[in-house]
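A.B. asks: Chain by chain, the residues:
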Amino acid sequence: AQKVTQAQTEISVVEKEDVTLDCVYETRDTTYYLFWYKQPPSGELVFLIRRNSFDEQNEISGRYSWNFQKSTSSFNFTITASQVVDSAVYFCALSERKVTGGGNKLTFGTGTQLKVEL
Amino acid sequence: DSGVTQTPKHLITATGQRVTLRCSPRSGDLSVYWYQQSLDQGLQFLIQYYNGEERAKGNILERFSAQQFPDLHSELNLSSLELGDSALYFCASSALPGQGRNEQFFGPGTRLTVL
Chain A
1 AQKVTQAQTE
11 ISVVEKEDVT
21 LDCVYETRDT
31 TYYLFWYKQP
41 PSGELVFLIR
51 RNSFDEQNEI
61 SGRYSWNFQK
71 STSSFNFTIT
81 ASQVVDSAVY
91 FCALSERKVT
101 GGGNKLTFGT
111 GTQLKVEL
Chain B
1 DSGVTQTPKH
11 LITATGQRVT
21 LRCSPRSGDL
31 SVYWYQQSLD
41 QGLQFLIQYY
51 NGEERAKGNI
61 LERFSAQQFP
71 DLHSELNLSS
81 LELGDSALYF
91 CASSALPGQG
101 RNEQFFGPGT
111 RLTVL
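As given, the protein sequences belong to chains A and B, one line each in that order. Take the first sequence: its position 46, counting from 1, is numbered 46 in the numbering used here, and each next residue is one higher. Take the second sequence: its position 49, counting from 1, is numbered 49 in the numbering used here, and each next residue is one higher.
Warning: the hint list may mix true and false statements.
Unchecked claim - Residues from chain B that face chain A, not an exhaustive set, calculated with beta carbons under 10 Å: (1) 35; (2) 104; (3) 105; (4) 111; (5) 113.
Please keep in mind that the hints were generated in silico from the structure rather than gathered at the bench. These figures come from a predicted structure and were not determined experimentally. Virtual Cβ for every residue (Gly too), placed ideally from N, Cα, C.
Please work from the sequences and hints to get the whole structure.
C.D. replies: Shown next, in the form of structure tokens:
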């Protein structure tokens, strides 16, 4: 069975600090996808990134960066120079890959509430 | 804006009642997923449809059912509602994985309150 663990329930930082959100996953599949979603106070779920299990290259997008380490089953998310607008709940998610069409269900972690204060 | 629409945005009803939540996927997406977000259960997958057919079932109660119509919109029906069914219900859609894209795009959600 798939499982995603986000051990950090809540993190508070002061604006401009860097912050890393941890994600550890479990799966028996050899091919899978990892995701991060953001849920701001307004409630919608916003897709941030997808990572394939066969691609361990780290990725940077502006102030966001992701560190995927298959050896430790981790997919951590770092926000550099955090801003108040980054305040949200961040979810890590996992899906297996299937050969049939139609997509796959997402297994979510419990989320990390990030509070960025002035 | 993800391109996924959900109606209604809010729904308040009483125990024992039945409600229908509606979702329209992004243009071109054939897969629709339903998720429930509650304080005690977190984000849980309920059910997936692909081009009108049920493809996967998660932790969906027997009192709940869904379908996807020929125009690809989907409805989630919740009946004999209980207080514990109060939650945020999300619909998501995705393209075919064979195209190398597997991310799901979520609608704004329907907040259901059962009194």
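A.B. asks: Compare the structure with each hint and give your call.
C.D. replies: Now for the hints, and whether the structure bears them out:
Satisfaction of the interface hint for residue 35/B is found here, the shortest Cβ-Cβ separation to chain A being roughly 8 Å, below the 10 Å cut-off. Satisfaction of the interface hint for residue 104/B is found here, the shortest Cβ-Cβ separation to chain A being roughly 6 Å, below the 10 Å cut-off. Among the interface hints, the one on residue 105/B holds; its C-beta lies about 6 Å from the nearest C-beta in chain A, closer than the 10 Å criterion. Against a cut-off of 10 Å between C-beta atoms, the interface hint on residue 111/B holds, since the closest Cβ of chain A lies about 8 Å away.
Contact between residue 113/B and chain A, as hinted, is not supported at the beta carbon level, the nearest pair being about 14 Å apart and thus beyond 10 Å.
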